[in-house]
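Engineer: Assembling the complex is the task here: the two chains are given apart, and the hints tell you how they should meet.
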Amino acid sequence: MSGSIVKGRRHSKLYYRLQNYASEALGLLLGVVVVIWSVTPIYNMWTIALDSHDAIFSGTLFPESPTLESFRVVVTQDFWYLERFWHQFGNSFYVGGMVTFLTLFIGSLASFTVGRLHLRNGWMLTNAALMTYVIPASFLAIPMYRIMQIYGLTNNLWSVIATLTTFATPYAIFIFSQYGKSIPMELDESARIDGANPWQIYYRIYLPLMAPALVAVGTYALLLAWNEYLYNFLMLSTPQSMTVAVALAQFLNSDESPWNYMMATAIIYAIPPIALYYGSRRYMAAGLTMGGVKG
Amino acid sequence: MSTATQPSLSVGREFGRSRAERRGWFAGVHGSEHAWALAFALPYTVVFLFFVIYPIGYGLWMGSDPALYRELFDDPRYLTAVANTLLYVGIGVNVKMFLAFMLSGFFMQKRWWSKFVMILFILPWATPALPAFMSIHWFLNGQWGMLNTALYELFGFDGPVYLNDAWTGLFSNIGAYIWKTLPFWTLILLAGRMAVPQELYEAAAVDGATGLRKFTHVTLPLMANLYFVCTLLDMVFALGDFNATFFVSGGGPAMATEVLATLGIRYAFTVALPRLGVAAVMSALPLLIPLVILLMRKLRMSEGQL
Chain A
444 MSGSIVKGRR
454 HSKLYYRLQN
464 YASEALGLLL
474 GVVVVIWSVT
484 PIYNMWTIAL
494 DSHDAIFSGT
504 LFPESPTLES
514 FRVVVTQDFW
524 YLERFWHQFG
534 NSFYVGGMVT
544 FLTLFIGSLA
554 SFTVGRLHLR
564 NGWMLTNAAL
574 MTYVIPASFL
584 AIPMYRIMQI
594 YGLTNNLWSV
604 IATLTTFATP
614 YAIFIFSQYG
624 KSIPMELDES
634 ARIDGANPWQ
644 IYYRIYLPLM
654 APALVAVGTY
664 ALLLAWNEYL
674 YNFLMLSTPQ
684 SMTVAVALAQ
694 FLNSDESPWN
704 YMMATAIIYA
714 IPPIALYYGS
724 RRYMAAGLTM
734 GGVKG
Chain B
130 MSTATQPSLS
140 VGREFGRSRA
150 ERRGWFAGVH
160 GSEHAWALAF
170 ALPYTVVFLF
180 FVIYPIGYGL
190 WMGSDPALYR
200 ELFDDPRYLT
210 AVANTLLYVG
220 IGVNVKMFLA
230 FMLSGFFMQK
240 RWWSKFVMIL
250 FILPWATPAL
260 PAFMSIHWFL
270 NGQWGMLNTA
280 LYELFGFDGP
290 VYLNDAWTGL
300 FSNIGAYIWK
310 TLPFWTLILL
320 AGRMAVPQEL
330 YEAAAVDGAT
340 GLRKFTHVTL
350 PLMANLYFVC
360 TLLDMVFALG
370 DFNATFFVSG
380 GGPAMATEVL
390 ATLGIRYAFT
400 VALPRLGVAA
410 VMSALPLLIP
420 LVILLMRKLR
430 MSEGQL
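Chains A and B are the protein sequences, given in the same order.
The opening position of the first sequence corresponds to residue 444 in the working numbering, with each subsequent residue numbered one higher.
The opening position of the second sequence corresponds to residue 130 in the working numbering, with each subsequent residue numbered one higher.
Keep in mind that the hints are not guaranteed to be accurate.
[Unchecked claim] SDA-like cross-link-like pairs, simulated, lysine to any residue; straight-line CA separation at most 20 angstroms:
| id | chain 1 | residue 1 | chain 2 | residue 2 |
| --- | --- | --- | --- | --- |
| 1 | B | K244 | A | T483 |
| 2 | B | K239 | A | T483 |
| 3 | B | K343 | A | Q462 |
| 4 | B | K244 | B | A255 |
| 5 | B | K244 | A | G470 |
Hints in this document: simulated from the structure, not taken from any laboratory.
Extracted from the complex, chain B is given alone in its bound form (with noise of 0.2 angstroms):
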């Protein structure tokens, strides 16, 4: 978000300084000046120091023991929840963000009714998460939920109980995900498209190209740094995310589908191993960390680009 502009931002040339003239911490415009600018730094040095700084540096230091990292991989429980969240966010987000390309494309179209549907499938990201995920939990129950009577009335066909079992659990966890999700990608990704400029599709038609074409070679490498820089935010979404496996199948049966985000809060708070906890929620930094400065590196080198 921002390490790219800094130079712009920090240095300040409309002022038409040089460098030399503007030497420590109190060289500003005026004296007055940087301390007004000081001061409006502060509630937000406040709240990161409090509530970033503090937290972390306390959470380092619970999950500190190499002995809790033991305990951890002995816990078959905790080798299932790591597999389950490589799932989640590997599938959660790539299909997702797959569906969310797919669909800004329909969207791009203009047709007359395509206003109404856009209107009904933002209703999923207005939605609070707490009663959506509570929804599809009812919905997917497998005596008297809703998919299961629509199958039987539609195909008299009775559907498994989806909940009880480990593979259909995490797969609905994953689409409740992916549903609450599309919407905002969807959106971002029509914004993205609706920037590449025209003239370039036009230009692509005068040359000969056709759909397929114009496709392959005007949006797709247009849109390929934005999709990319998606997918990896999303990715350290997704890995944080607590409210869909814990309302729609609640990490079970026995705790077969809990990602490492639901598990952590398990051995804290149910299992009152907070220790524990912490230790399985920082496992999960080798792989937030490359992420994160993969994000980094796309997103100074994409500034300027849409």
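Chain A with its partners taken away, still in its complex shape (with noise of 0.2 angstroms):
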């Protein structure tokens, strides 16, 4: 901004330097003010998870004698809340998977009918995507939960996938339409010349230069899988089918509950989307930009 050519007057050569400086403070004061605010939650999952359990009720800062010993119960299974922690971490990793490839295999056969294949009324699958997108899924809890009672899947993961997987693909087949867009036509007609039939069009032609998409959408699919609770909560109730969302609300029905575990299970839980996520930030970035106006 100061460098602008137009000047309404002339300054000294020291006053550009001052609101150089001045306009440089106040950038790093909001870049630490923006670090603070991001990181102090995660923080504070840290300090509780690395106090020994009688010295959380004190309240401090920092832990005073930072320990492993809340991950070490975690990973051993040494607390009755988390006798089934690993069991339970697997089928977090079974729902978060299977939502994930059912999201893109079923999003981009939808994509590639409407954009590619030119399905006629095509548009009705687009549109009953687009109202899917703007239903909220929490408001959809209480008959989805009586649906799954008539379908027999009450603790059953399947359950959660299905809900899962119905709510992530409107976004799917949203952004491979868009990102679709950017493949010529002409690849699929000298495919067709060829002799290909559609599904290999889709399967070696459409799919492999859908990658960047792909990658973006399954990041946003496993997210959202993580992210859930309520449905998790609502359809599955036995130790042998919870996942770990489930699982770590259970601390909170005491009040007696060792929070560093607590916490120690969270940040565990937490630790695949965050490598995840940074893992595939580039596509990410690409995803949202291609997105753009429709998150």
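Structural biologist: Listed below in structure tokens is the structure:
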């Protein structure tokens, strides 16, 4: 801003230099505020998890005698809320993985048929997806719970997988349709002339070229599954079928819970999506830019 | 997301055929091609029918009794939840969007350290909601939460018990929601800002515009539509947000910070009145439907703009 060519008045060099310093200092201040704001709850998680149990009730800004004891308890399933921790972690992974896979598969098929095969009345499909996108998931929880009972899927991971796939696919269809427009139609046509059927075009041409969008949407779907609590809680209630999200919330049932174990569990639960997110950040940015307006 | 792209998606001008040649459902390029197209559409159609249409129909049926709504309006907790929902959506979304817009401007200015700030700034979004909100819940604990400890150690000041009061509780929930979703919307608005052609700023500079006038005459008009669409979309998301309220204040004290999304679940699964729960959620439709209609219109208009 200070570097613009035309100025109403001329100032001394010193004036500009001071102005420059002031704006740098302000920027730095804002940067510090942003970092503190973003990191504090995460830091809070660590201080509680690293603290020994009795110190917690005094409340500290830094753990006085940091110990990894609570992580050991979680990893070795040494507490009765956590008896099946690794099994439940596996459940969470299964749900996340399945939701990601199904979202990518169903979403790419739908956008392929609407965008590349020119399905007649394909607009009905995109409108259906759009409609699903603007229904808040929590608003459908009660009837969905009933319906899963009718389908006989209570305490079955597939009830959650089906629900979350339903809510993740519309975004996938949208991003894929947008991204698919950048892939030249001529590729499909030449493949068709060479005798490829639509499945081969989809599998050998469309999918490989869609890779960045697939990564972006895959990350989105996994984060969605990992963020979800309500449906997990409603539909999975046995220790065998529970995911980590439900197990974690169990700590809240009692006032006497060891919060350091809870936070250690929370941290371990948070690691996979954070790792995935930072790993695929480049693609996420691409996906977001494409999706621009629509989030 | 795509109503506006329908014509180009469904007509298929690339093949140079006139509409008259492709009549009826089975008039694709080849008959077999059309069978393929239908087969590809099948999975989503199945998902949509079984997990969207059926529950919606079921929900509408569950909440169809007018007596439920009379019961709702007689319940003071419901009226509180309605007021809370309006505040949650109105304040949470607008404050956040304003902050996101300002921060996107901050991240546009290239400083050598802004990359690192960005990496940490993204953290709330990448952290799963449940651990994050649990942490905020303990952070705000009146006796030994980190916030009050810090206030005491730094200023010798005893902070309030945030989650024991309806107002501070509600604003804690709103703050947590802002914390979790701010990075996402900042990135979206940042992408929007980066899409503004640099030439426009140069042209404005040549015309004598400096900082503020560049902002009001170039950035603002070009970003207005995106900003509005994001606001509407996030209002829809905020309306349905369950996690922040449920895990930060837990709806307490005495259900004074419940919003409609959590109240519906509370009615259905704690009090075992599922129909009343559905009715509570359905009573948000007069707010949701206009938002959605406005959103669709805006999306249709904005297609091709950004």
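Engineer: Each hint needs a verdict: does it hold in this structure or not?
Structural biologist: Outcome of the hint check:
Restraint check: the Cα-Cα separation between K244/B and T483/A comes to about 19 angstroms, which is no more than 20 angstroms; the hinted pair holds. Of the supplied pair hints, the one linking K239/B and T483/A is violated, its CA atoms being roughly 25 angstroms apart against a limit of 20 angstroms. Restraint check for K343/B and Q462/A: the C-alpha separation of about 19 angstroms stays at or below 20 angstroms, so the hint holds. The suggested pairing of K244/B with A255/B holds, with an alpha-carbon distance near 16 angstroms, which does not exceed 20 angstroms.
Among the hinted pairs, K244/B with G470/A is consistent with the structure: their alpha-carbon atoms are about 13 angstroms apart, no more than 20 angstroms.
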